[in-house]
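Chains as they are written, first to last, in my numbering: chain D, 1 to 415; chain L, 416 to 672; chain X, 673 to 873.
The set of hints was computed from the structure by calculation and includes no laboratory data. Each residue gets a CB set at the ideal place from its N, CA and C atoms; glycine is no exception. Take these hints with a grain of salt, some might be off.
Which bits of chain L does chain X cover? Going by a derived footprint, with three or more residues having C-beta under 8 Å, they are [stated by the list, open to error]:
id: 1; stretch: 492 to 505
id: 2; stretch: 511 to 522
id: 3; stretch: 531 to 538
id: 4; stretch: 564 to 571
id: 5; stretch: 613 to 622
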Amino acid sequence: MLDKLKIAAVLLIIGTMSGLMIWGTHTVTRDRIEENRIRKQYETFVVIFPDMDVSIIDDHRDEVEHSLITEIITVYDRVGQKLGYLYIGSGTNTRGYIDLVIGVDTNFKVIKITTSSFSQSPGYLEGMRDAGYFEYFSDQALSELDYKADAYSGSTQTHDLIKAIIESAKLLVAGDPVLEALKDAHPDVERYEHFTRHFETGFDEELILYDAQSVIVGFAFVGDIDHQGTEYRVAVVTDADDVFKGFAALEDDVPASLTTALEAFAGHVDTVLEAIELGEDLDAALETFFLNAQQLVETSERIIGVSRLSRFSGIYDGDDLIGYVYRGSIRGHNGQLYVDVAIGLDDVIDVVEIVHHVESSGYFKDVTDHLDDYMGLDDPEDYDTDVYTGSTVSGDAVYNVVKAAHDYHTERNGD
Amino acid sequence: MAEKTIPKKTIKSKKKELGQLATLTKGFIRENPVFVYLLGLCPALAVTRTLETGFGMGLLVIFVLVMSNIVVSLIRNFIPTEVKIPSYIVIISTFVTIVGLVTEAYLEALHASLGIFIPLIVVNCLILARAESFASKNKVFSSVVDGLGMGLGFTFALMLIGLTREFLATGAIAYGEYFPIGVKGSLINFDTYVFKMGVFDGPAGGFIVIGLWLAVFSAIQLHRQNKAEIAKQKMIEEKKRIALERKRMKESAGEQA
Amino acid sequence: MTWAVFFTAIVSAMLINNVVLLRFLGVCPFLGVSKKTDSAFGMSIAVMFVMVIASMVSYLLYYLILVPLEIEYVQTIAFILVIASLVQLVEMFIKKVSKGLYKSLGIYLPLITTNCAILGVAVQNIADDFVADYTLMQSFLLSVGTAVGAALGFGLVLFAFAAIRERLDAADIPPAWKGVPVSLIVAGIMALAFLGLGGIV
Numbered sequence: 001m002l003d004k005l006k007i008a009a010v011l012l013i014i015g016t017m018s019g020l021m022i023w024g025t026h027t028v029t030r031d032r033i034e035e036n037r038i039r040k041q042y043e044t045f046v047v048i049f050p051d052m053d054v055s056i057i058d059d060h061r062d063e064v065e066h067s068l069i070t071e072i073i074t075v076y077d078r079v080g081q082k083l084g085y086l087y088i089g090s091g092t093n094t095r096g097y098i099d100l101v102i103g104v105d106t107n108f109k110v111i112k113i114t115t116s117s118f119s120q121s122p123g124y125l126e127g128m129r130d131a132g133y134f135e136y137f138s139d140q141a142l143s144e145l146d147y148k149a150d151a152y153s154g155s156t157q158t159h160d161l162i163k164a165i166i167e168s169a170k171l172l173v174a175g176d177p178v179l180e181a182l183k184d185a186h187p188d189v190e191r192y193e194h195f196t197r198h199f200e201t202g203f204d205e206e207l208i209l210y211d212a213q214s215v216i217v218g219f220a221f222v223g224d225i226d227h228q229g230t231e232y233r234v235a236v237v238t239d240a241d242d243v244f245k246g247f248a249a250l251e252d253d254v255p256a257s258l259t260t261a262l263e264a265f266a267g268h269v270d271t272v273l274e275a276i277e278l279g280e281d282l283d284a285a286l287e288t289f290f291l292n293a294q295q296l297v298e299t300s301e302r303i304i305g306v307s308r309l310s311r312f313s314g315i316y317d318g319d320d321l322i323g324y325v326y327r328g329s330i331r332g333h334n335g336q337l338y339v340d341v342a343i344g345l346d347d348v349i350d351v352v353e354i355v356h357h358v359e360s361s362g363y364f365k366d367v368t369d370h371l372d373d374y375m376g377l378d379d380p381e382d383y384d385t386d387v388y389t390g391s392t393v394s395g396d397a398v399y400n401v402v403k404a405a406h407d408y409h410t411e412r413n414g415d
Numbered sequence: 416m417a418e419k420t421i422p423k424k425t426i427k428s429k430k431k432e433l434g435q436l437a438t439l440t441k442g443f444i445r446e447n448p449v450f451v452y453l454l455g456l457c458p459a460l461a462v463t464r465t466l467e468t469g470f471g472m473g474l475l476v477i478f479v480l481v482m483s484n485i486v487v488s489l490i491r492n493f494i495p496t497e498v499k500i501p502s503y504i505v506i507i508s509t510f511v512t513i514v515g516l517v518t519e520a521y522l523e524a525l526h527a528s529l530g531i532f533i534p535l536i537v538v539n540c541l542i543l544a545r546a547e548s549f550a551s552k553n554k555v556f557s558s559v560v561d562g563l564g565m566g567l568g569f570t571f572a573l574m575l576i577g578l579t580r581e582f583l584a585t586g587a588i589a590y591g592e593y594f595p596i597g598v599k600g601s602l603i604n605f606d607t608y609v610f611k612m613g614v615f616d617g618p619a620g621g622f623i624v625i626g627l628w629l630a631v632f633s634a635i636q637l638h639r640q641n642k643a644e645i646a647k648q649k650m651i652e653e654k655k656r657i658a659l660e661r662k663r664m665k666e667s668a669g670e671q672a
Numbered sequence: 673m674t675w676a677v678f679f680t681a682i683v684s685a686m687l688i689n690n691v692v693l694l695r696f697l698g699v700c701p702f703l704g705v706s707k708k709t710d711s712a713f714g715m716s717i718a719v720m721f722v723m724v725i726a727s728m729v730s731y732l733l734y735y736l737i738l739v740p741l742e743i744e745y746v747q748t749i750a751f752i753l754v755i756a757s758l759v760q761l762v763e764m765f766i767k768k769v770s771k772g773l774y775k776s777l778g779i780y781l782p783l784i785t786t787n788c789a790i791l792g793v794a795v796q797n798i799a800d801d802f803v804a805d806y807t808l809m810q811s812f813l814l815s816v817g818t819a820v821g822a823a824l825g826f827g828l829v830l831f832a833f834a835a836i837r838e839r840l841d842a843a844d845i846p847p848a849w850k851g852v853p854v855s856l857i858v859a860g861i862m863a864l865a866f867l868g869l870g871g872i873v
């Protein structure tokens, strides 16, 4: 009995002494450890904003819900001037997780995108880093971010995860007047991308409109309109089937007179653009603008296999018309493909461009690498479709669009 | 021939003087915990990518070893045998926790690099073995010396492996990366080191380097054993010769008489 | 958390991030016991069992008791005590069930407590911080998966190594290399082989 008591007493004493010592050390080191942790967190931020003052940070954690972005931080420098924003997001895939930090300036232009911590199967992220994947982001506008395709082939899963996080950040970019205006006309729009296009008079920009799932939901043709002596950026917004959705004034302070003039077109909303007959008493500048848009978009008959083909615009050399651009949409492997085919008046294929796709980047690279093979062909059947190994569906889809565009072109231009 | 009798007293006192010093240095080669006793191989493999991390781990182990030896030695007469091992484990893990917290606070870079091997010091067989076999049977001061000796030997082993691996893998021995001593640099730096072999940075290299050094130490031991064997043989031969001499002298003396 | 993630965790812990050869946990028993295939078998089963159960208990202990009480820093002591108790239980169980096995395992049975693999896997499960991305239940299942994978990986490597060791001991090796040194070189080569599995999942 005494023995057992002795054992119990010894154990108790040892346990208590040990507990006390540990607790003591913990109390002494606790603050220092916390400091280290915070310092480590801000290490990533200071890389992006060297002038930032760590003590003044606006944390908008509550404003982000249902998003891969977990924190938006407004960053100030030591004199209280706003430097920009930090979007911190994270996500997991089967390879592990990635914590991303997106730093943008006050105009939502990317300063730097970097990882604060990650655990992906070894090699993938490092490989992408070495190939300049992250440097490529700097100085691009966040809302129309482009990805460096050859930096991530082979690390597709990792890239897809990073892309998803960045896309979430894009969606949260607040205060973009262009996006707000586009949304007024076409409520499904969540983001847009610029697309270079040769245009006839009246427009100098085309925007492709996407919804939250990155499906194309429409297009916007942008130009300057002279209204009462001042020029304003205005866009004609259509959906993916050329149905007119409305005008969008892409600037913040637009006079009431212009707004009224825009609203006069409201009666034509939800009608196919081609079929709209304009009435009287419309703002002259807007009317010309609208008619130009009508002329631009011409629907065609349904061609087998190709969901839609439309002649988009003419190609000009100075004042001379030298060809046309056709846009076709067709079902690819994972979803809709939008392909632009530029054909000269001599029926020679100039250029083939992929406007939008949702194919697997690894496979689709085969197709995009061989787009140049279309150049200079005056008969699409001369194109060698055997070059696609493993991407036949996507490759054939592109080929079908090119063929349909060429057929349409030769037919319409009377050969 | 009268045999010289070496006074026994002198031998004993001499032994005691050298005793402490010998204990301190025995851990380096003769009784190196890693290379001779094969204890603590897990950290020896994991944290020896660089010299500095090996050194850092060695320091932490010395601290835990010495402190736990002190405590175990202090209370060695009060612990009942049934709860010996669990008590040792609690004592050791206390000091491991303490050293872990301190590292996390003041040596953040080292803490991040050593990772889970800091809590794993508690299962480093070296510490438990010394507590069980030495500290529980000896006075505090001897235990401290023993702990220091073994700990230094362990650090020496880790530094040796770390040195080899870092040099073979990068051609440079960096310092200042993990300890905030204010300066960063390299002891040696062969920028044009052509034979850089990345394999030594990774797990395979760890195994191979330790295997190599083990072979070296094994060879040293075998050599020593051989020498002892030869010396023993010589002594036996010598004794035989002396016995033969005596016999001959006896015979010749007997003949004369 | 899908089944895919769960099975990936098992395969990852078993092969891609093999506990012994790539994470350096459990090397001492690895070199010490693997001299004969039959004792290696008994040893691995014991270790595997303790590893999985210990991981489960420590994980729950950490998240259900240590975290709410804000004493996470007691982790090391708590985990090692859990492991020590488990080993005691296993020892008593084996003693009752099979005296032969108990005798043949000898001192290696209580030595399972100091097996860095068991404590290492338990601590690693916490360090991996599954709860940042999954609910507690899902994280727990993931941790069990990792422990099972690690245990299987340990057993696999131990067994393979024992087979190699048997042949090595019979071979003609220079005296300085005999025993552990040459085994370590072999282990290094095995590690190289396992490195090749990286990036599969």
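Verification of the hints:
For the stretch 492 to 505 of chain L, the stated coverage by chain X holds: 4 residues have a C-beta nearer than 8 Å to a C-beta of that chain, and at least 3 were required. Check result for the stretch 511 to 522 of chain L against chain X: holds, 4 residues qualifying (beta carbon to beta carbon below 8 Å, three or more required). Only when three residues or more bring their CB closer than 8 Å to a CB of chain X does the claim for the stretch 531 to 538 of chain L stand; here the count is 5, and the claim holds. Residues of the stretch 564 to 571 of chain L with a Cβ under 8 Å from some Cβ of chain X number 0, which does not satisfy the need for three, so the listed coverage is violated.
Proximity of the stretch 613 to 622 of chain L to chain X, defined as three or more residues with a beta carbon under 8 Å from a beta carbon of that chain, is established by the 7 residues found.
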